[in-house]
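With my numbering, letter number 326 in the sequence shown gets 336, and the count goes up by one each step, no holes.
Keep in mind that the hints were calculated from the coordinates and are not lab data. All the given hints hold, so there is nothing to weed out.
Within a straight-line C-alpha distance of at most 27 angstroms, the following computed DSS-like cross-link-like pairs (lysine-lysine) qualify:
1) K19 x K199
2) K120 x K71
3) K246 x K304
4) K71 x K140
5) K320 x K246
Listed next, with one range per pair, are the computed distances between beta-carbon atoms:
6) P67 x D170: 44 to 52 angstroms
7) A119 x A38: 47 to 55 angstroms
8) E41 x D70: 50 to 58 angstroms
9) D170 x N86: 38 to 46 angstroms
Computed from a predicted model, the values in this text were never measured in an experiment. From the three backbone atoms N, C-alpha and C, an ideal C-beta is built for every residue, glycine too.
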Amino acid sequence: MRISLNWLKELVDFTATPQELATTLTMAGFEVEDIEDRRTWAQGVVVGKVLDCQPHPNADKLRVCQVDIGQKTPLNIVCGAANARADIYVPVATVGTHLPNVNLTIRPAKLRGVPSEGMICSLAELGLEKESSGIHIFESDLKLGSDVRPLLGLDDVILDITATANRADALSMVGIAREVAALTGATLKLPEAPEIMAGEQVSRGAGEKTASGLVLKIEESQACPAYIGTVIEQVKIAPSPAWLQQRLTAAGVRPINNVVDVTNYVLLEWGQPLHAFDRDRLLAIAGTEDKSSKPLTIGVRFAASGETLKTLDGQSRTLQSQTLLITAYNQPVALAGVMGGEETEVHADTQNLLLEAALFEPVAIRRSARSVGLRTEASSRYERGVNFAELEVACRRALGMLVELAGGVLV
11 MRISLNWLKE
21 LVDFTATPQE
31 LATTLTMAGF
41 EVEDIEDRRT
51 WAQGVVVGKV
61 LDCQPHPNAD
71 KLRVCQVDIG
81 QKTPLNIVCG
91 AANARADIYV
101 PVATVGTHLP
111 NVNLTIRPAK
121 LRGVPSEGMI
131 CSLAELGLEK
141 ESSGIHIFES
151 DLKLGSDVRP
161 LLGLDDVILD
171 ITATANRADA
181 LSMVGIAREV
191 AALTGATLKL
201 PEAPEIMAGE
211 QVSRGAGEKT
221 ASGLVLKIEE
231 SQACPAYIGT
241 VIEQVKIAPS
251 PAWLQQRLTA
261 AGVRPINNVV
271 DVTNYVLLEW
281 GQPLHAFDRD
291 RLLAIAGTED
301 KSSKPLTIGV
311 RFAASGETLK
321 TLDGQSRTLQ
331 SQTLLITAYN
341 QPVALAGVMG
351 GEETEVHADT
361 QNLLLEAALF
371 EPVAIRRSAR
381 SVGLRTEASS
391 RYERGVNFAE
401 LEVACRRALG
411 MLVELAGGVL
421 V
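Using the sequences and the hints given, assemble the complete structure.
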């Protein structure tokens, strides 16, 4: 688990340095594998505005840019990125800056006979991506000459902690925050989760139909002792805000869209796996998208040997009798606690969701994941055992974020 210290400081009010905190956690039985100080990755990189961008006189693929970084005169910078243009705000590595991720120190240079006094940077050059298709462009107007590190999440230090089998709490930010509070006496500040308001229908248990048109049929109550399903309508799929993308990237998770990112964020924060289905695709499995004619029926059961499911990684998997499933109208739609199915995934045109928050028995998930040769962030947490007492808190936290970031209406 990669622990962002900026994020951790929002949850617990500690004053220790990164090295001191790593030592404290190690003495408490955690394995701190690495301290990643991102503050050194872009020291000397500032916000600039491209005032003018012209073709290089001696090179077809280069451009000559005039870049304002808040000094008396603009910098002349030669740039090879295809997306370089006038009137954009960009990260600029000034002369003398060292970029450790590409082992490059910026010096004055002449490129094909034209002086260049800095470098306009891509996210790859700043260590935030493995590959970049062009320079990074900021979305809004920014103060020229200001430090880019807070804007890109590079004012942070990451502790890479390996969770031992008996420390499930090491797989969530809240778990680590509680440990730090106990070890240091610092004040704990857990994130607030909104209460479910009147009119919001949350289903749990088996067999009943709610106002949201959802029926739950939990055939394996020992393997799935609790299941909360919430229908959210009128969502708008879009990229997540920069702060959320930065949190996920720092944790080693690839941002996808606002809905999927919220489920991954809550997984990291509370250690509770969640899954979002496209509600209309679930209904389509029954041959209808009219929720009034045939209620959405979600089940949990073990697979019949020989059943198949195409998972989110694009693999078509033959299931075994120990594989635990989430079903819609008794048809497999997800590997319970492991991975969702491709047929019902959230996509760019998704408008309505079913959010799953469930508890699955550790041994059942371990056997199920092994039966299909998969181990995921979700299954690794279920195998160690998630905190039963925080299922509803994590669910409410996700619902609040979905309403805020995707404009959803809880049914």
